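> So the sequence lines, in the order shown, correspond to chains A and B.
In case it helps, our numbering puts the first sequence at residues 1270 to 1390.
In case it helps, our numbering puts the second sequence at residues 65 to 473.
Quick caveat, the hints were computed from the structure, so don't treat them as lab data.
From a predicted model like this one, the values you see are computed outputs, not experimental measurements.
One or more hints might be untrue.
When the alpha-carbon atoms are kept at most 16 angstroms apart in a straight line, the in silico EDC-like pairs for lysine to aspartate or glutamate are as follows [as the list claims (entries may be wrong)]: (1) Lys323/B / Asp1342/A; (2) Lys435/B / Glu446/B; (3) Lys1359/A / Asp447/B; (4) Lys326/B / Asp1316/A; (5) Lys1355/A / Glu446/B; (6) Lys1359/A / Glu446/B.
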Amino acid sequence: MPKILVVDDEEHIRLLYSEELKEAGYEVITAENGFKLLEKIEEEKPDLVVLDIKMVDYNGLDILQDIRNHFYDLPVILSTAYDTFKEDMKSIAADFYVVKSFDLTELKKKIAMALETRLPG
Amino acid sequence: MAFYEENPGQITGADIVVGIPTANEVESIAVTTARVDKGLSEYFPGMRCVIIDCDNHSSDGTREAFFAAPGTTPRLYISTEPGVGGKGRNIVNFFQRARQLDPKALIILEADIKNISPVWIRNLGTPILKGAGFVCPLYVRHKYEATLTSSIIYPLFRCLYGRRVRQCNVGVYGFSPKLLDSYLNPPFWSEMLDNYGADIWMANVALASRLPVVQAIMGSPKVHRLKDSYLHLPVFFHEVVGTIFDLMQVYQDFWKQVKWSKPTALFGTDLQEVETPLPVDMNTKRLHEMFIEGFDNYYGLWEQVYGPMVVPKLQEIRSIGLQHFSFPTQTWMTILFDSAVAYRWMSPAERKNLLDGLLPLYLGKVLSYVKKTERMSLQQAEDYIENECMIFEENKPYILKVWTKGEGG
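The following block holds chain A by itself, in its conformation from the complex:
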């Protein structure tokens, strides 16, 4: 069962994503911010990260750079309330992005695509 790490400082989003993604057949772990996130990834070895861009005290795009530099091929999906983040070039290091919604259809579609991405070697 693929393991997904949801990083979001809003508790109701973590709960919503956890419940829905567990129902969809994923194992879900959560983090409320970027504090010691790289250690958590190293320890838990998730198959994919869903990352909030705007968190109190943490910039998701900076966290994305850290993740990409340490875990080169770990899929990261940015979760955001607005798509203005695309003006920041750091965002191109993400596999996909989704606009936050209570309907997780798009998120689930992007998770499935990211998990089935295959590169030789």
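With chain A's structure known, arrange chain B on it following the hints.
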């Protein structure tokens, strides 16, 4: 090996080796060398660095200007024999000479860039020293700049090799000694690589090498001393697209396994000041004329090469007229994939004709892109290209299906 060498410092080893291919570049080699020297001294103090001018036996004083340029980094000059030209020869000489220096990182540049900045050297070299295999720059570009990349190279490479590297055909790269070994033992070489095909060959081999790729944000455009986009377009188009099609055969076992695409890591996100792109004018009337002229010259070829869905669609596109001109991405993708398959089984003369016939279609696709994005911001135009890339990726099963046509018989 190079025909001629000057190594006044008796250099036998280096940590970072920077190569500058030249052919009569007396006007720019000194400035380029001085800025490379500044970048190496500022960002890599304490490391053993060398700058190599890989020349085509220039007769205009390039060699003298290279050695006379200000700076303290040791220099080495190598050259092809008189009468042997082409960038490909220079880069092969660079690879061979650089290997003897046992470097930890390599950078290759272009001599005629007017605005090369020392920070470019940092951005191309640092990721390699941190473990990357290939660094490709991300220059500030206008939405109409490098349309061959936006229309063919980027969507095809994403779909085939699974990495989202936005500006593959720039001729300025950082790379690791491991990738250098791949360049020194090439799975493929052709005359096209002597000139315009060399850059895309380097990027293509890198993407198929399974080494980590980093895109480096350069913070500025790449401004060449002399540039006429249309002057060499047919030859440029032939050599770049022909090289991609040639390498599709070489790396078919690789790209057949790729599904969807992945981003790369980024470097240079700390650059505070990012310049605005230089304006690019597009002559839509001329693009439309060249597309229409293609019907007079290549319609028979198109009927032979492209499927029954494509040719009527091309007639439909022709009938639209300039004002509402539109070239659907689905049709363009089918044309590119069908062209790659046809190229596979053709003689050299037939391949030339195929690429001649593909050029007006490409110009039609460029015209369509210009029309669609004329009121868009740069970011919106990028989103448009991203959507086009997704259409290519979603249709990967099509190329997998048609690729095997003609096999076994």
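> Hint by hint, note whether the structure agrees.
Do the hints match the structure? See the list:
| no. | hint | verdict |
| --- | --- | --- |
| 1 | Lys323/B / Asp1342/A | holds, 14 angstroms |
| 2 | Lys435/B / Glu446/B | holds, 14 angstroms |
| 3 | Lys1359/A / Asp447/B | holds, 15 angstroms |
| 4 | Lys326/B / Asp1316/A | holds, 14 angstroms |
| 5 | Lys1355/A / Glu446/B | holds, 10 angstroms |
| 6 | Lys1359/A / Glu446/B | holds, 14 angstroms |
Of the numbered hints given earlier, the model fails none.
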